[in-house]
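Q: The lines below spell out each chain.
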Amino acid sequence: MSSDAFQFRSRMRSFTDRLVTALAILATLIVIAPLVAIFVYLLYMGTSSLNLDFFIKTPVPVGETGGGMANAILGSGILLGVASVIGVPIGIGAGIFLAEFGRGGKLALAIRFTADVLNGVPSIVMGLAAYALIVAPKIPFLPFTGHFSAFSGGVALGFMMIPTVCRTTEEMLLMVPHAVREAALGLGVPNWRSVLSITVKTASPGIITGCMLAFARVAGETAPLIFTVLGNQFWSTNLNQPIAALPLQIYVYAMSPYDDWHRLAWAGSLVLIVLIVLAVSLVRYVTSRGVLKGAS
Amino acid sequence: MNAKVPDIHISQAQFQPEPDSTSGQALAEIAPAEPSAVRKYLLSLGSSANTDRAFAWLMLLCGLSIFAIVALIAFELVVRSQLSLHKFGLGFFYQVFTDPDTHMQTFWDPVNSYFGARPFIYGTLVSSFLALLMAIPLAVGLAIFLTEMCPKALRGPLAFITELLAAIPSVIYGLWAVFVLVPLLREHVNPLLIKTLGWTGFFDDTNPTGLGYLSAGVILAIMILPIISSLTREVMTAVPHSQREAVLALGATRWEMIRMGVLRNARIGIVGAIILGLGRALGETMAVAMVIGATPEIHRSLLANGSSMATVIANEYAEAISDIHLSALTEIGLALFVVTIIVNALAQVLIWAVTRGTPAQTR
Amino acid sequence: MGVGIEVINLNAWYGTNHTLQDINLNIPANHATALIGPSGCGKSTFVRCINRMHETNPIARATGIVRIGDLDIYKDAKPVQIRRRVGMVFQRPNPFPTMSIYDNVAAGLKLNGYSNRRSLDEIVERSLKNSALWDEVKDDLKKKSGASLSGGQQQRLCIARALAVDPEVLLMDEPASALDPVSTSKIEDLIFQLKSQYTIVIVTHNMQQAARVAEKTGFFLNGRMVEFDSTHKIFTNPSDKRTEDYITGRFG
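Chains as they are written, first to last, in my numbering: chain A, 52 to 347; chain B, 1167 to 1529; chain C, 2 to 253.
A couple of the hints might just be wrong.
With a cut-off of at most 25 Å between alpha-carbon atoms, the simulated DSS-like pairs for lysine-lysine come out as follows [as the list claims (entries may be wrong)]: (1) Lys144(C) x Lys252(A); (2) Lys1206(B) x Lys76(C); (3) Lys1206(B) x Lys79(C); (4) Lys1206(B) x Lys111(C); (5) Lys252(A) x Lys143(C); (6) Lys143(C) x Lys111(C); (7) Lys144(C) x Lys130(C); (8) Lys145(C) x Lys252(A); (9) Lys187(C) x Lys139(C); (10) Lys130(C) x Lys145(C); (11) Lys234(C) x Lys1206(B); (12) Lys252(A) x Lys111(C); (13) Lys187(C) x Lys130(C); (14) Lys144(C) x Lys111(C).
Not close to chain A: a few residues of chain C, all C-beta gaps over 12 Å, as computed [to be verified]: (15) Ile66; (16) Arg68; (17) Tyr75; (18) Asp77; (19) Pro96; (20) Thr99; (21) Asn105; (22) Arg118; (23) Glu189; (24) Asn207; (25) Phe229.
To be clear, the hints were calculated from the coordinates, so they are not data collected in a lab. Just so you know, even glycine gets a beta-carbon here, dropped at the ideal spot from N, CA and C.
Isolated chain A (complex conformation):
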């Protein structure tokens, strides 16, 4: 009898094993399904709505057909430019501090932890902060304050880039072999020069990757823009004025009751996603190739 019981249990065990395998595969399929659905739908709706006008014209009033999102694309570019000017240097600087100066110290640990926490702060809260910091108060003699402006949205996006840029910079710098640093110091190169011209330069493909990742992440952010840059139906390149942004425009059009606008929303989404997928693929290509190829 014990043999029977043993056989039964053994069969049960292998059955469970197979069941779990099946469930895991099922889970994988369920995860992939929405992605495929989103992409197929996006491609279908996007390509059928996309035309040259989309890239060269500004929105037209309700009722008229046609028009495009040229101003929103330009606006997004400007916003991301402002964001990068703020987020990239501070993020890289903080990463350099963590990897080169703060190594193992309590301060570095605290900064790293805070960066990870900042990374998790909801984007809408970032928007609130930018509003409270720049849009609401009218500070005498300070430009950009006291009203909705492109600058305030750029600041919000820039702050959001910092943690990602900082943490990838740190990780990439830590991958640079210690021997390379020693070689530079041994030549009597000052530390600052050694860090910038040797360590950072060696890790630069990885650091650029981190910046692209941060860039891709904030490129599609909408929530922090709603009450900072506000949106704009017309051409604007003025940092001091409300400006259009691609994700914001998509949101406005998606929530509108007009079919024409829905089509523009799909086209805008397709453009946005193509840009982001390109960035992410590039990142993946660079990282899989080995960031420090040949570096020891």
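Once you have looked at the hints, place chains B and C on chain A.
A: Okay, now just chains B and C, sitting in the frame of chain A:
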């Protein structure tokens, strides 16, 4: 004593002559009177100690700015929500008002300056909970498949696909949800739920739009899946190989190996990954705003319209009608900020507890 | 042109670990001096004290007097200034991976702001010739990266890089320990040729190597210098029992 030494195979002839006073003359002949141009240049350089110090301080400043940003956000949110904090106190988070004219209960009525955050807290919790309920088994299943079962050739592409899922902007998820997911739920899923589970009270037939807590929960689940899954994968990979082999050596099946060798060792980190996913779900704005229905009400039915903390800010902030309205919305933002900071800090601690000691990876 | 090194009462620590204890010696100019001893005896720490690389580790410190020529390096100068006068070749070849061969050799000058292009070309050529690498790389100086060379070539590149700044002293920390026998013998030949122009201090765990290239040899044990004398004397008639035990292979 001398006799032992020549063991090493070096003949006398190989030795270099010793330098001493006699070679001094030869040295003087070779030595040039002038140092070379390069040497002169290098000797003229300073120590650049000041530049080094300035550089180190600058980098430190960049690092400290991360503290400054978090502090600044907290400060601004607290200052801007003073009005509401003073007027409502802690009651803000649970109070209910009765309208004197209609005698109806109300939580949030900007026109008459009634502000209570209860429906938004409820909406955030319900939609996040639904999202976790759906995302956890799928994410862990996917992670198990990718780390333990998947053929090597498939692993890269699948991981890339999940990465892509994480990179899609919230507003595009929202767009897709509005035009594809919500109609799908409205036409096919909701009627089924109402018919089979209507008796529980969680699914009733009063909202024909298809918007609501459930739609928000589903789209949130799709959005937090990649985060939970990739972090789970990270902590599972961090489990040493020896742990797996130890269990396999006892004659365990693959599932038993995963359960006892991997999941048991990685469980703290997986909980961390789930909490991090929760953090994202709590703060997610645009996609939820587009499908939750945007009404400041509380319903038992998951198919009813509601609102969440993040969405009410997105919907009303730009068009707020009074200072107290702005202040109340900011206070909701403050609450969201505090909660997500706590949740994220907790998640980080748990994940670090598991991955500490393994090499850093890019997420 | 090399200068002599005078070391008086040098002590060094890593954290609480007293790695060098009361070292006193005079290293002659324009000759090769070998430092031998079992691993962990402090010989590497010693050379790193001579160009103040020791203190790049935050937990490390050193006391005592080290004079290079007339300069008391712990009193009269800053670390970067010392390191510009004292070249160093490390145990593992460490060319800058993102730089071309040319830029690797010129790095010490370029990174210190020296930008005279014609002069740089000359220096790079001379340094590569002095390190016996010129003929192997002259055709793709700016095309190939330093990391694309073989291990032995990389180490000679590192020597060229150290020579390019025209140092007065050249420190070599087990320069051949990571290389194959052929590359090792090339490096040894090189040391042989260079020592008429530079003061060379070479750390090695290979006694034959010490005997082949150095006029003077110091034996280190447990952070102390047991004996310092002419190489001939150390290997044939050491005065200390511990030196004898070491070179006859009784330990280490």
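Q: Take the hints in turn and mark each one as holding or not.
A: Now for the hints, and whether the structure bears them out:
1. Lys144(C) x Lys252(A): 18 Å, holds
2. Lys1206(B) x Lys76(C): Roughly 21 Å between the alpha carbons, so the hint for lysine 1206(B) and lysine 76(C) holds.
3. Lys1206(B) x Lys79(C): Within the cut-off at roughly 17 Å; holds.
4. Lys1206(B) x Lys111(C): Holds. Lysine 1206(B) to lysine 111(C) sits at ~15 Å (cutoff 25 Å).
5. Lys252(A) x Lys143(C): 17 Å, holds
6. Lys143(C) x Lys111(C): 15 Å, holds
7. Lys144(C) x Lys130(C): Holds, at about 18 Å.
8. Lys145(C) x Lys252(A): 17 Å, holds
9. Lys187(C) x Lys139(C): 18 Å, holds
10. Lys130(C) x Lys145(C): 18 Å, holds
11. Lys234(C) x Lys1206(B): Roughly 39 Å separates the two Cα atoms, so the pair is violated.
12. Lys252(A) x Lys111(C): 15 Å, holds
13. Lys187(C) x Lys130(C): Roughly 13 Å between the alpha carbons, so the hint for lysine 187(C) and lysine 130(C) holds.
14. Lys144(C) x Lys111(C): 18 Å, holds
15. Ile66: 21 Å, holds
16. Arg68: 18 Å, holds
17. Tyr75: 16 Å, holds
18. Asp77: 15 Å, holds
19. Pro96: 8 Å, violated
20. Thr99: Violated: least Cβ distance 5 Å, not greater than 12 Å.
21. Asn105: 9 Å, violated
22. Arg118: 18 Å, holds
23. Glu189: At about 21 Å from chain A, glutamate 189(C) clears the 12 Å cut-off, so the statement holds.
24. Asn207: 21 Å, holds
25. Phe229: 25 Å, holds
Figure legend: structure checked against the earlier numbered hints; hints not met, in rising order: 11, 19, 20 and 21.
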